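A.B. asks: Take the given structure of chain A and dock chains B, C and D to it, following the hints.
Chains as they are written, first to last, in the numbering used here: chain A, 26 to 175; chain B, 26 to 175; chain C, 157 to 237; chain D, 157 to 237.
Among the hints, a few may not be true.
Between beta-carbon pairs, the in silico distance windows are [what the hints assert, rightly or not]: (1) A:Gly64 with C:Ala195: 40 to 48 Å; (2) B:Gln66 with A:Gly64: 50 to 58 Å; (3) D:Leu208 with A:Gly161: 50 to 58 Å; (4) C:Ala213 with B:Gln66: 38 to 46 Å.
DSSO-like mimics (lysine-lysine), calculated; alpha carbons at most 30 Å apart, straight line [said to hold, decoys possible]: (5) A:Lys139 with C:Lys168; (6) D:Lys168 with B:Lys139; (7) C:Lys162 with A:Lys139.
Hints were generated in silico from the structure; no laboratory data involved.
Nothing here was measured: the structure is a model prediction, and the numbers come from that model.
Each residue gets a CB set at the ideal place from its N, CA and C atoms; glycine is no exception.
So the chains spell out like this:
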Amino acid sequence: MIRLTNDPIDTAALIDAARHPEAGAVVLFLGTTRELTDGRQTVALDYEAYREMAERQLADLETEARRRWPVLECRIVHRLGRVAPTEASVAIAVSTPHRADAFAAGQWLIDSLKQGVPIWKREQWADGTTEWVHPGMDKEGETRRGGGGG
Amino acid sequence: MIRLTNDPIDTAALIDAARHPEAGAVVLFLGTTRELTDGRQTVALDYEAYREMAERQLADLETEARRRWPVLECRIVHRLGRVAPTEASVAIAVSTPHRADAFAAGQWLIDSLKQGVPIWKREQWADGTTEWVHPGMDKEGETRRGGGGG
Amino acid sequence: MRVRVKLFAAAKELAGCDELAVEMPSGATVAELRETVVAQYPQLNTVVSHALWAVDAEYANDNMLLNELSNIALIPPVSGG
Amino acid sequence: MRVRVKLFAAAKELAGCDELAVEMPSGATVAELRETVVAQYPQLNTVVSHALWAVDAEYANDNMLLNELSNIALIPPVSGG
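Okay, chain A solo, but in the shape it has when bound:
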């Protein structure tokens, strides 16, 4: 089951949903907002998605994970809108009969999500600047709020 949401992710509910009588392992991955990255301070991250396509791609990832590993339960939830430091922007919960598969499926899901699902984050730095994060691209997307154009 996949979901995009503007609300904080209820990790306890996700874990409960991943429990299964045939499961020997549950792996939960949380991507959490770093407050400090290389000494620079983040106030929050803002997430935006191409919603229709992101939902389709996430569902495809779940299908592919179930094809590759004996997945019993699978939950993928991604936050949209503003996410504060230490809060989870993404949560993936997977249960399998044995643990190696749960780790492999969980890691593959988050790696694949970060590679191809049309979701973007914007850094809100403590110095008042904001910056869309586009890996591999120059920082033309950066705009300065406080101290004048740059």
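C.D. replies: Same frame as chain A, now just chains B, C and D:
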């Protein structure tokens, strides 16, 4: 931080304890009691530990994980006594700046725990028999409760 | 024909709107649309050169044919997670 | 000297107690203790042959020397997790 406990594991509290301002990733692993293994039904697992040694070994594993990976927070909790199906017998929560390290540290911790920490489980099968689990050993440890000695 | 292109993230910010309307010869491809967009919106040059295209909510390759009903989106490098 | 050996899991069940008291010559090793235990408690033969030993809460090798204060445990194959 490591802990042996007779109480159900509070996974939400573990996740909260693993959050950290510099963490970009939290990985939580739960080992859950399988109700069905190859079609055989488990009523519960009973866990026993050589407590003094198990605590020392778990603390050593945490130290070693922190040496190998940039671990920000680490929690290892193992249940003792009776654990019902779908409940967690062990929980490991690890946070790191980047996700690959959280997966690697979490997987190494549970693999190492299962290899060397002096904790044992006894299967309570639905047919009334019980069986200490000692990987690689013949089943001399098995005792039959219902239908007379075996 | 007139096609619409959804914009996101830095592309939306640089264009100042969340959708472009672009006139194209009918039967144009994704590659031709890209050239037209860059010519008409030079401020999108860098982001377009790093972006992928989606048609009807799937990634599309350069020679996919477009029509007026195509649901087109410019997908800058993603950063979810 | 008299040493005490903690038992767990199947070993405890097979012996019917959670600790053995074994008379050994002083300065005996882990290997010598193992032989004595198997001779005196034949029902522990299989589990001892698969088990490790711990002295003072650390895994011990065969030629570790024991004394009366040694905190000894028989560690059958573990199955935590």
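A.B. asks: Find the hints from earlier in the document that the structure breaks and name them by number, from lowest to highest.
C.D. replies: When the structure is compared with the hints, none of them turns out to be violated.
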